[in-house]
Amino acid sequence: MEQFFNTYFDFSLMGEYFGDVLEGFWWTIRLSIFGGALALIWGLILAVLRQAPGKALAPVRWIVIAYIDCLRGIPMLLTLLLIYGGLGTLQSEGTIPKWLGLPEFLGWPPYFWYGVMALTLVYGAYMAEVYRAGIESVPRGQMEAARSLGMSHNQAMRFVIVPQAVRRVIPPLLNDYIALMKDTSLVSVISMPEVVRIGSDIYSTTFNPSALTLGAILFLVVTLPLARLVDWQIKRQDEKFQRGMA
Amino acid sequence: MTEPIKQPVREVSRGETILKINNLRKVYGDLEVLKDIDLEIKKGEVICVLGPSGSGKSTMLRCLNLLEVPTAGTLELKGEMIFDGKRTEKLDELRQETGMVFQSFNLFPNMTAKENVSIAQIRVRGRKKQDAHRRSIEELTKVGLEAKVDEYPDRLSGGQQQRVAIARALAMDPEVMLFDEVTSALDPELVKGVLDVMRGLADSGMTMICVTHEIGFAREVADRVIFMDGGYIVEQGPPDDVLGNPKEERTKKFLGLVLEH
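Each protein sequence line maps, in turn, to chains A and B. Heads up, the first sequence is in this note's numbering, so the first residue is 1 and it goes up one at a time. Heads up, the second sequence is in this note's numbering, so the first residue is 1 and it goes up one at a time.
If we strip away everything but chain A, and leave its shape as in the complex, we get:
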């Protein structure tokens, strides 16, 4: 038992490297904030395009469905490596502009932004499915009422359907957000010094995984309250439904 504690919970080592691990976790947080915010927006755009009405817009629907299915069908690690492996080269050959091929917004390194891109592209696809479920759960009569008042399809979506849909899908979106947050660790493979990368670097010099344990604890500090928040939201919505609202 003592051996176990000395291996995983070496407090002196944790203390020594606390600053480094925290710095890594700060990248993790930034990845989740940028990737998460963009995925939320991109997912909503995809979901709305997927509901585009009429025969003329059928190709738009097909493309969106194909995109969503493909991105959900490929491991995110692979998507990330494809972005990392291609954009830099394309940029140096002048095929794509520098802001896309070698992005350095806010002075942060390209591999950070590659990570944000991968998270956005992949989690946008997941979140699009969540939004879609929300949009489809809004009763048909809402769209009919809006259209009968003379609103266009787009106006009805924007002012009537989407605001109701988003409210209904906050809990599943938060679940996806927790998953996204954990998947930021994949960006470690393209040398992003986020918390997992830092932890394993420390391990390879000290042969003790306590820095990784510290990383796990930092994750839990954020994800556990989020999980409680999801439960609380679900409970609140159930109560609303029981009162015949929402």
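These aren't lab readings, by the way, just hints derived from the structure by calculation. Careful: at least some of the hints might be erroneous.
[As the list claims (entries may be wrong)] Here are the simulated PhoX-like cross-link-like pairs (lysine-lysine), alpha carbons at most 25 Å apart as the crow flies:
#, chain 1, residue 1, chain 2, residue 2
1, B, Lys35, B, Lys78
2, B, Lys192, B, Lys142
3, B, Lys78, B, Lys20
4, B, Lys90, A, Lys55
5, B, Lys86, A, Lys55
6, B, Lys142, B, Lys129
Remember, it's a predicted structure, so these values are computed and weren't measured experimentally.
Given the coordinates of chain A, assemble chain B onto it according to the supplied hints.
For chain B alone, coordinates are given in the frame of chain A:
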């Protein structure tokens, strides 16, 4: 995103044809819901449409503002072709001239009564927010809900919700009002309040087409009663004739069943 203000549409005077459908058919898969409907609606007319469930009366009503796209037939608004059997033109114009009230109210649950009545005024008619709100309060007062303007729909009774829905349609200044079984989902004691509003509207000269099961209302308010069955208009005429002295067997049978209890 604000759409163009109401286009100038030709004014029609009382008694002139405002909506006209010809040879209207509607098919869902194998099911022919509307078989061959001709109907002319004149400005100021109050029409009540009766018939057993599945007779196609609601579908016909929904074809009048093209919420359902007919399989065949034509629809004209004030002499202008809106639907020629294949393509829809001037859909905005049609929707802005017709207000619709639904059986299930369909109020927007995320907006207060006032906002429900205002949203289309602002986004479709291009009215300023204050003007729209003022108008909404006016319309809500007319239907007896001046005390409820800031309530959300879940805080209103079914009858109150339905009156908000009527106010919401009226605030758009429609020329024709379509009512689709608007009292069917209401508790009996709430029906009267809604029918009173409709009665007042009929008295004010509004053109109205009401799909309804309220025979008493039809007898009292309608200029013309239409009886539908099996996708056809079986019989139509003044309420005294159709309800008091029906010619067709099917009408007699239906009225017998409805009036029995």
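Among the hints numbered above, which are violated by the structure, and what are their numbers in rising order?
-> none
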